[in-house]
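Peer 1: Please build the complete structure, drawing on both the sequences and the hints.
Here the protein sequences line up with chains B and P, keeping their order. Mapped onto this note's numbering, the consecutive letters of the first sequence carry residue numbers 1 to 150. Mapped onto this note's numbering, the consecutive letters of the second sequence carry residue numbers 1 to 150.
Hints may be right or wrong, so weigh each one.
Cross-link-like lysine to any residue pairs, in silico, SDA-like; alpha carbons within 20 Å at most [claimed, not checked]:
{"#": "1", "chain 1": "B", "residue 1": "K3", "chain 2": "P", "residue 2": "N121"}
{"#": "2", "chain 1": "P", "residue 1": "K32", "chain 2": "P", "residue 2": "A82"}
{"#": "3", "chain 1": "B", "residue 1": "K3", "chain 2": "P", "residue 2": "K111"}
{"#": "4", "chain 1": "P", "residue 1": "K131", "chain 2": "B", "residue 2": "T4"}
{"#": "5", "chain 1": "B", "residue 1": "K18", "chain 2": "P", "residue 2": "K3"}
{"#": "6", "chain 1": "P", "residue 1": "K3", "chain 2": "P", "residue 2": "R103"}
{"#": "7", "chain 1": "B", "residue 1": "K111", "chain 2": "B", "residue 2": "D35"}
{"#": "8", "chain 1": "B", "residue 1": "K131", "chain 2": "P", "residue 2": "A137"}
{"#": "9", "chain 1": "P", "residue 1": "K3", "chain 2": "B", "residue 2": "K3"}
{"#": "10", "chain 1": "B", "residue 1": "K131", "chain 2": "P", "residue 2": "M10"}
{"#": "11", "chain 1": "P", "residue 1": "K111", "chain 2": "B", "residue 2": "M10"}
{"#": "12", "chain 1": "B", "residue 1": "K131", "chain 2": "P", "residue 2": "H21"}
{"#": "13", "chain 1": "P", "residue 1": "K88", "chain 2": "P", "residue 2": "S106"}
{"#": "14", "chain 1": "B", "residue 1": "K3", "chain 2": "P", "residue 2": "D126"}
For the record, the hints were derived by calculation from the structure and aren't laboratory data.
Protein chains: 2
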Amino acid sequence: MTKTPNETTMRAWARLMKSQHLLLSRVETALKVADLPPLTWYDVLLELERAGADGLRPFELEQHLLLAQYNLSRLLDRIEKAGFIRRKAHKEDGRGQLVSITRAGSAVRRKMWPVYGSAMNEIFGDQLSGKQMAELANLLGDLIDHASAK
Amino acid sequence: MTKTPNETTMRAWARLMKSQHLLLSRVETALKVADLPPLTWYDVLLELERAGADGLRPFELEQHLLLAQYNLSRLLDRIEKAGFIRRKAHKEDGRGQLVSITRAGSAVRRKMWPVYGSAMNEIFGDQLSGKQMAELANLLGDLIDHASAK
DNA sequence: CCAATATACATGCATATGCATTTATAAATT
DNA sequence: AATTTATAAATGCATATGCATGTATATTGG
Numbered sequence: 001m002t003k004t005p006n007e008t009t010m011r012a013w014a015r016l017m018k019s020q021h022l023l024l025s026r027v028e029t030a031l032k033v034a035d036l037p038p039l040t041w042y043d044v045l046l047e048l049e050r051a052g053a054d055g056l057r058p059f060e061l062e063q064h065l066l067l068a069q070y071n072l073s074r075l076l077d078r079i080e081k082a083g084f085i086r087r088k089a090h091k092e093d094g095r096g097q098l099v100s101i102t103r104a105g106s107a108v109r110r111k112m113w114p115v116y117g118s119a120m121n122e123i124f125g126d127q128l129s130g131k132q133m134a135e136l137a138n139l140l141g142d143l144i145d146h147a148s149a150k
Numbered sequence: 001m002t003k004t005p006n007e008t009t010m011r012a013w014a015r016l017m018k019s020q021h022l023l024l025s026r027v028e029t030a031l032k033v034a035d036l037p038p039l040t041w042y043d044v045l046l047e048l049e050r051a052g053a054d055g056l057r058p059f060e061l062e063q064h065l066l067l068a069q070y071n072l073s074r075l076l077d078r079i080e081k082a083g084f085i086r087r088k089a090h091k092e093d094g095r096g097q098l099v100s101i102t103r104a105g106s107a108v109r110r111k112m113w114p115v116y117g118s119a120m121n122e123i124f125g126d127q128l129s130g131k132q133m134a135e136l137a138n139l140l141g142d143l144i145d146h147a148s149a150k
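Peer 2: Right, here's the structure in full:
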């Protein structure tokens with residue numbers, strides 16, 4: 001054990017890191033150019049939209065989005081300050097709160113999607129065939145399952 | 001154009017982001033636990049080691065490592081402060097400098113590799129067959145080629 | 001040769017992230 | 001019920017990143 005990776009593994013690793021970085025920064029740039037909030041905001045807003053009127057507890061968001069507790073806390077501060085979410089004290093659990101999306105939040109999320117989606121398509125979706133894309137998704141799915149199981 | 005991505009594309013995208021994040025943070029944690037510098041330091045040190053005694057210009061490193069100029073500038077500050085690299089004025093180009101690795105820098109890079117490599121193997125290399133890993137590398141290679149060509 | 005422009009690198013300021021700790025409340029243990 | 005332990009969320013402080021700009025030198029075009 002603690003063996004050193006083989007060539008193929010190292011190459012795949014480097015490419016995974018590089019492609020993610022490249023693709024993500026393209027999308028972030030597209031959003032910035034369109035004068036829209038960063039991608040993390042989108043993720044939060046989307047989760048909250050799906051959660052419906054009741055909203056979600058921060059710790060639930062934390063799990064869905066794989067964010068550290070302290071990062072999420074501040075991310076919510078910023079999004080709230082922009083008026084896209086609302087935080088209110090939880091009725092049963094005095095420690096907690098419920099976060100929900102506002103009208104303005106929904107609106108901005110809907111405005112973000114075409115920018116996000118079309119960038120994703122252009123730099124990612126259009127570059128692989130349907131078959132290749134499905135393969136990629138499967139391979140990465142396996143990885144995530146294993147990594148998450150730890 | 002500006003079409004919205006299909007299901008498979010969105011799934012693959014999400015998994016690419018997630019797996020990278022998950023894997024990277026595992027490796028960073030492993031390094032931290034071993035009381036070693038972060039991964040970016042490794043990348044810099046490795047490049048410099050490969051470059052030989054003359055070292056590299058910062059702008060060359062910048063291209064190899066896909067770092068923003070101002071980020072690299074400060075990254076080099078930190079690494080230099082730790083004594084792992086040396087910066088000296090370039091003889092012909094008065095604007096520039098040459099960065100080279102020190103003994104201590106080589107030593108720490110060599111100490112980092114087993115931690116880095118074994119973590120990479122455990123969470124990544126061991127999770128896919130050789131064939132799968134090669135496929136993954138190919139798919140990601142295509143993506144990078146297209147994205148970089150822009 | 002000189003003015004204009006481009007390149008190399010650094011830096012002030014704002015924002016984001018990580019770590020450790022704090023505050024408040026809830027749940028479990030005695 | 002009182003005490004301990006666990007959970008939810010916030011925050012002070014250090015570090016990292018992004019953006020815009022600054023400083024210095026090099027290159028180019030007149």
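Peer 1: So, for every hint listed, does it hold in this structure?
Peer 2: Cross-check of the supplied hints:
1. B:K3 with P:N121: holds (7 Å)
2. P:K32 with P:A82: Answer holds: K32 of chain P to A82 of chain P is near 16 Å, not above 20 Å.
3. B:K3 with P:K111: At roughly 14 Å apart (the allowed maximum being 20 Å), K111 of chain P and K3 of chain B satisfy the hint.
4. P:K131 with B:T4: Given pair K131 of chain P, T4 of chain B holds - Cα atoms ~18 Å apart, limit 20 Å.
5. B:K18 with P:K3: Distance ~25 Å between K18 of chain B and K3 of chain P Cα, so the pair is violated.
6. P:K3 with P:R103: violated (53 Å)
7. B:K111 with B:D35: holds (10 Å)
8. B:K131 with P:A137: holds (16 Å)
9. P:K3 with B:K3: Violated, at about 45 Å.
10. B:K131 with P:M10: holds (14 Å)
11. P:K111 with B:M10: holds (18 Å)
12. B:K131 with P:H21: violated (25 Å)
13. P:K88 with P:S106: holds (18 Å)
14. B:K3 with P:D126: With a Cα-Cα distance of about 10 Å, the restraint between K3 of chain B and D126 of chain P holds, given a limit of 20 Å.
This entry does not satisfy hints 5, 6, 9 and 12, going by the numbered hints stated previously.
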